[in-house]
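Peer 1: Here is how the chains run, residue by residue.
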Amino acid sequence: MADRRVAITGVGIICAAGANVAEAWGSIQQGVASIGPITSVDSSLIRFQNGAEVRNYDPSQYFEGSRADHLDRFAQFAVIAAREAVADAGIYFTPTLQENTAVVCGNGGGGQITQDSGYIDLYQRARSRVHPLIVPRTMASGGVSHVTMEFGIHGPSYAVSTACSSSNHAIGQAFQMVRRGEVDLAITGGSEAPFAMGCLKAWEAMRVIAPDTCRPFCVDRRGMILGEGAGMMVLEPLEAARARGAKIYAELAGFGMSADAHHITQPTVEGPARAIRRALADANLATEQISYINAHGTATPGNDPAETAAIREVFGPRADRLGVSSTKSMHGHALGAAGSIEAVVTIMSLHDGILPPTANFTKADPACDLDYIPNAPRKSRPEAALSNSFAFGGLNAVLAFRAAP
Amino acid sequence: MPDSAVEEKVIATLASVKRIPVEQIKLDSSLLDLGVDSLDTFTLLFELESKFNISIPDDEARTIRTVSDIVAGVQRILDANKDGSTLGSTTAPAS
Numbered sequence: 000m001a002d003r004r005v006a007i008t009g010v011g012i013i014c015a016a017g018a019n020v021a022e023a024w025g026s027i028q029q030g031v032a033s034i035g036p037i038t039s040v041d042s043s044l045i046r047f048q049n050g051a052e053v054r055n056y057d058p059s060q061y062f063e064g065s066r067a068d069h070l071d072r073f074a075q076f077a078v079i080a081a082r083e084a085v086a087d088a089g090i091y092f093t094p095t096l097q098e099n100t101a102v103v104c105g106n107g108g109g110g111q112i113t114q115d116s117g118y119i120d121l122y123q124r125a126r127s128r129v130h131p132l133i134v135p136r137t138m139a140s141g142g143v144s145h146v147t148m149e150f151g152i153h154g155p156s157y158a159v160s161t162a163c164s165s166s167n168h169a170i171g172q173a174f175q176m177v178r179r180g181e182v183d184l185a186i187t188g189g190s191e192a193p194f195a196m197g198c199l200k201a202w203e204a205m206r207v208i209a210p211d212t213c214r215p216f217c218v219d220r221r222g223m224i225l226g227e228g229a230g231m232m233v234l235e236p237l238e239a240a241r242a243r244g245a246k247i248y249a250e251l252a253g254f255g256m257s258a259d260a261h262h263i264t265q266p267t268v269e270g271p272a273r274a275i276r277r278a279l280a281d282a283n284l285a286t287e288q289i290s291y292i293n294a295h296g297t298a299t300p301g302n303d304p305a306e307t308a309a310i311r312e313v314f315g316p317r318a319d320r321l322g323v324s325s326t327k328s329m330h331g332h333a334l335g336a337a338g339s340i341e342a343v344v345t346i347m348s349l350h351d352g353i354l355p356p357t358a359n360f361t362k363a364d365p366a367c368d369l370d371y372i373p374n375a376p377r378k379s380r381p382e383a384a385l386s387n388s389f390a391f392g393g394l395n396a397v398l399a400f401r402a403a404p
Numbered sequence: 000m001p002d003s004a005v006e007e008k009v010i011a012t013l014a015s016v017k018r019i020p021v022e023q024i025k026l027d028s029s030l031l032d033l034g035v036d037s038l039d040t041f042t043l044l045f046e047l048e049s050k051f052n053i054s055i056p057d058d059e060a061r062t063i064r065t066v067s068d069i070v071a072g073v074q075r076i077l078d079a080n081k082d083g084s085t086l087g088s089t090t091a092p093a094s
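Protein chains in written order, with numbering that gives the first Met the number 0: chain A, 0 to 404; chain B, 0 to 94.
Hints are not guaranteed to be accurate.
[As the list claims (entries may be wrong)] Some but not every residue of chain B turned toward chain A, in silico, with C-beta under 10 Å:
#, residue
1, Asp32
2, Phe45
3, Ser54
By construction, these hints were calculated from the structure, which means they are not laboratory data. All residues carry an ideal CB built from backbone N, CA and C; glycine is no exception.
All chains, full assembly: derive it from the sequences and hints.
Peer 2: In structure tokens:
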């Protein structure tokens, strides 16, 4: 069977910027940074105080009875965003479609909050037993399982874990299955919930978290700001989407992966450049056709100059005509969910013709010399856009999107 | 604690983290030349924080290039703690 073109027909999101796409995209497109004092743990015990948390979150608004107890926060986020994406796409699941739908989600750390609470019981409170649901709540595939149960999906379903690239790798896998005709629909994205004391302490020890805010590509950037949440989308063959008169947000056109094989935390230029090139080739897109890149842009000392150099290496002089923004400046770095939230942002950007800015922007680092769309959004109708995700350990994944045909 | 004791302890800690002989480490040795990468540095700072019972701020940590930078930094934090200043206390001010 010839490769099929793949349409995005539904999107869902829950993150610091909002609990649904309208709210989150509304905030992100205006350049509002949803970063503030961490409330889910006692941050006076941590060296950094700010994060991008989902505020006023009440699981009982989303899950009836004791069901919320079966899901760690990261899995709850996955289900919430998947519900929005499926409802948005207007999918009615027949038994045949349930057989032929895939669920692939990214997640970096599993149920960290659940795991932390188990350790507190065991080691701090010196209890002899722990909660019976720790195993099903902590497994990194828990989010995927609950999404399949939510919609009765029986097709190929699994979790992908590649640290901060997890979601892009997941979306790429789902894309390939739909494109090759292995499934007729996919629900894909990712989720993460890292605001647990043990996890925050681990990030503190790595010394990559900013004490103030996230200023990607700026000379005075001091590191990343952790975020949480989920992004989800519905993928289906373009022809099928047209046939049923579905709203088409954009086309997922290509996917490129690479490994640095270099260092467990320091990035290279060549690895990300290779992934960008592969995504362009896979999508059959020329550099001239791209005018927006949603950057990985973590605001760490290592990432931003390396990512800038990688973009320059691939795009050459054409790089000066790109708009490149890091929306992590607003929704934080949601780790295994980062790619999914940023993919939804990129899709909405193509759909609405608005390039979201890099918020909190002061003055560019001399080693970062692209147009980062500082602080204010820009009206533009890109033909195509990329969303970059690079990870600790050098596992890179880049998605290429085309505006709705 | 007199300077030489701080120096000795810093060098011993670095030697143990990097698993190299103490003799190989001089005050003016650059971390780069000793093959100490960013991950080794994080581990080294973590060990120093435990050994000296101090907290090394991230911004301070980023400026370290040589062994003497570390010795001076640790000394500064120890002195500040003695003076009752908050520099190097376990919590950083929110900003």
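Peer 1: Please verify that hint: aspartate 32 of chain B, Cβ, nearest Cβ of chain A, below 10 Å or not.
Peer 2: Constraint on aspartate 32 of chain B not satisfied, violated at 18 Å.
Peer 1: Is the interface hint satisfied for phenylalanine 45 of chain B? The criterion is a beta-carbon contact with chain A at less than 10 Å.
Peer 2: 6 Å, holds
Peer 1: So, serine 54 of chain B near chain A? Judge it on the closest CB pair being under 10 Å.
Peer 2: 7 Å, holds
The earlier numbered hint that this structure contradicts is number 1, and it is the only one.
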